[in-house]
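Protein chains in written order, with the numbering used here: chain F, 1 to 265; chain R, 266 to 550; chain L, 551 to 828.
Since the hints were derived computationally from the structure, they do not count as laboratory data. Among the hints, erroneous ones may be present.
What the hints assert, rightly or not - In silico lysine-lysine, DSSO-like type, Cα no more than 30 Å apart, as pairs:
1) F:LYS80 <-> F:LYS199
2) L:LYS554 <-> R:LYS464
3) R:LYS279 <-> L:LYS638
Below, each chain spelled out in residue letters.
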Amino acid sequence: MKYLLILALITFTQHSYAKKNQVLLTGSSTVAPIMLDIASEFEKLNPNSIIEVQTGGSTRGIIDIKRGLSQIGMISRALKPNENYLKHKTIAIDGLGVILHSANKVTKLTKQQIKDIYTREITNWKDLGWIDKPITVVHKAEGRSTLELFLSYLGLKNSQIKPHLIIGDNEQGIKTVTGNPYTIGYVSIGAANYNIKNKAPLKLVALDGVKANRANIINKSYPILRSLNLIYTGNLAEPSRKLLAFTAGPEALKVLERHYVISPQ
Amino acid sequence: MSLAHNKTEDYLFKGLLLVGLLFSLSIFVVLFFLIRSGGHFFISTSISETLFFDQWFPSEQLFGLAPMITGSLLVSALSLALAGPFSLILAFFYFYICPLKLKSALNIFMDIFLSIPSVVFGLWGLVVVVPLLAPLFPPGQGLFTASIILAMMILPIGFKTFVATLQTIPNECLLAAKSCNLSEWSVFKDIIFKSYKRKFFVGFLLQVTRAIGETMAVLMVCGNIIQYPDSLFAPIRTLTTNIALEMSYATDFHRTSLFFCGLLLIGFIFILLLISRTDEMKYEK
Amino acid sequence: MKNKIFILTSWLSFFTFFAIFFAVTGNIIFTGLDNFSFSFLFNTFNNSGRDGGISTIIISTLIIVAFALFVSVIISILSAICIDYFSKNIRITKILKLSIDTLSATPSIVFGLIGNIIFCEFLGLGYSLISGSLTLALMILPIQTRIILIGLNSVPKDIRLGAYALNLKPFTSYFRIKIHLIKKQILSGTFMGLGRSLAETAALLFTSGYGVKMPSSLLDSGRTLSIHIYDLAMNVPGGNENAYKSALTLILLVFIISLITATIQRRFNLGQQEFVWN
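Extracted from the complex, chain F is given alone in its bound form (with noise of 0.2 Å):
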């Protein structure tokens, strides 16, 4: 009976061997969810192929490639100087935008406002034109792209940062801003477009005068646009190089259409 069990151990561990065909995926809440269905598109037309798709952050992308603990990672920004070893495919280019509950009659707000809002300058939203209640301020953790590059575009360290609430991924903040009409929050564009589009109560806000819209982001009028990119370091087994070249590929771009991001192109 012992010896079944043990026969059975090893057996059952023999098989995961077969991981030639796995991909595995992490990085940037913003690309995660695209990732997957274009994995899930990629699997349909390769049946051997199993690609797992992870969050985490962007940090957690290059750290994972760094480590070996992944074959592609997901990062929503360029890369940096110092991970000029790693290579890189964009797949996407997206913008970072101000999100509100539907209900909120604010439509547009300008840098400097945004600026206090999230220093605590401005507290209340009678000060922004609604009503008198405060604002509840929601912000990202470290390690994500989408708070660097906001911290970038605000030109303020997370230091000066005095928030309400802390999410990590892109859904998280829209979870949390779409259950309280007094937050504020900011995500990926095409994270908040695709979720107003499952009919979240949400809304983004135009910055600057700029509306969030695609086509502000096509011509680049939209303040703060980054490229979503996929890394790697350079010895890449055949399933991941298949998965590299089909994210250009027709089926690809219906799913960034669909995730209301651009293609590169």
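Position chains R and L against the provided structure of chain F, taking the given hints into account.
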């Protein structure tokens, strides 16, 4: 089945005994790895930079743990204040006042309550309690909410411990009390509480141990802001939630700081355990 | 008068407890039953968990827990035997018992850290079901060891004296004789460990990962039901509905396990365990 001396069995036993020894002492393996990964942090920073410092911005190399330590302590203390006396009175009720038919019901329901996973409590807190508190005390997630949820989680353990303690009271004692026609309040205050104060204290310590170590339920309702709470309803972050949130993307030095948080946690709990043990031993003598 | 207030307060505490109990479980059950269909349990995961079901997650959970129990039973029997073997030496017994007690009081997140370091990195297993299982096994080790130890202590004196008289070697007396006598404790310990494992989340966050595919081996990543609930509740807008359904499934499972545990304890008269730890 031969009972003859079998040399291989001797060696086998010694080997298995060694394995058993290793696992009984596995806490030391745990400590070894924690120190290996977190020791660097301990050595290269000073206490004033970490334990008593209040800025936590790893990207700017600031590792002040003070707000998190305060958060952990406050939320545990508050939940103990809510659940401790409650569980004690409930235990006494179960033991002395409760009619027999209701006793088994209380027992069963308490067992079920004990086994509810922490994420379920967290889910309930996030979806039911936070929206209730948010309009009154924005943002709704914070010290108070976390304490309520935590109190619900440590209640069953307190109950069970106190009931076990109460059941060690010699029957003669209670019979004597009944024959003197003492009121329940008198029994509780003068007889039980006086003699079993120490054991109850141990029960409270146990609840605090559990409260300090809880992660998931607190993570979902505490707001996760690194600050000293300026009001009862302010968002906070505890040592445990700090580890949970930042572990997935922490780089080298940041990572060691989180392991150091783990060491701190084990340290706190070990101290609490020691206190409860010395109390127990003193009492037994 | 004081007495009346006291009695009133204690009855109030009784009702408050039940109010809390039903507030929580009632909310979970009724919200979870909304739109619940059994296909939820058998469908696969879709759209970040908003649609589809949790079949792969249930399978991953069962695998992790089963393997964890398998490992844990073995090492807890060995640990209990070890402590019993040294029971004459008070000093060693004290150290061993304190070790086990500290282990049982360690927060689950610290186990997650340890699991990550030992199993994912040091042993190179990565984010996988086996890393999660081994971490869980370590977590439930103290509970099971304590129960088996109680069992070993309750072995009738005659047996111990008989073994001594016959000059039996320890291997024989433990593995051929006593182990058959403590079967009830082993069973009871297994179920308690089972209940604990199902409820565990923090220890698995950094060891078994967030994978959602059907696992094909122990080295694949997978998530358990509790992690799924956490992910849906915190990270997925619109995920609350499925979070509730998953929570309902989980508490039903846990409820059945507690019932079985309580029945075992009552039937075999294991009495009121000194259930001081979770």
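Right, here's what the structure says about each hint:
1. Of the pairs offered as hints, the one joining F:LYS80 and F:LYS199 is violated, with about 37 Å between alpha carbons and a cut-off of 30 Å exceeded.
2. With a C-alpha separation of about 26 Å, the suggested pairing of L:LYS554 with R:LYS464 holds against the 30 Å cut-off.
3. Only pairs whose Cα atoms come within 30 Å are accepted, and R:LYS279 paired with L:LYS638 is accepted, the gap being roughly 17 Å.
Hint 1 from the list above is the single one not met by this structure.
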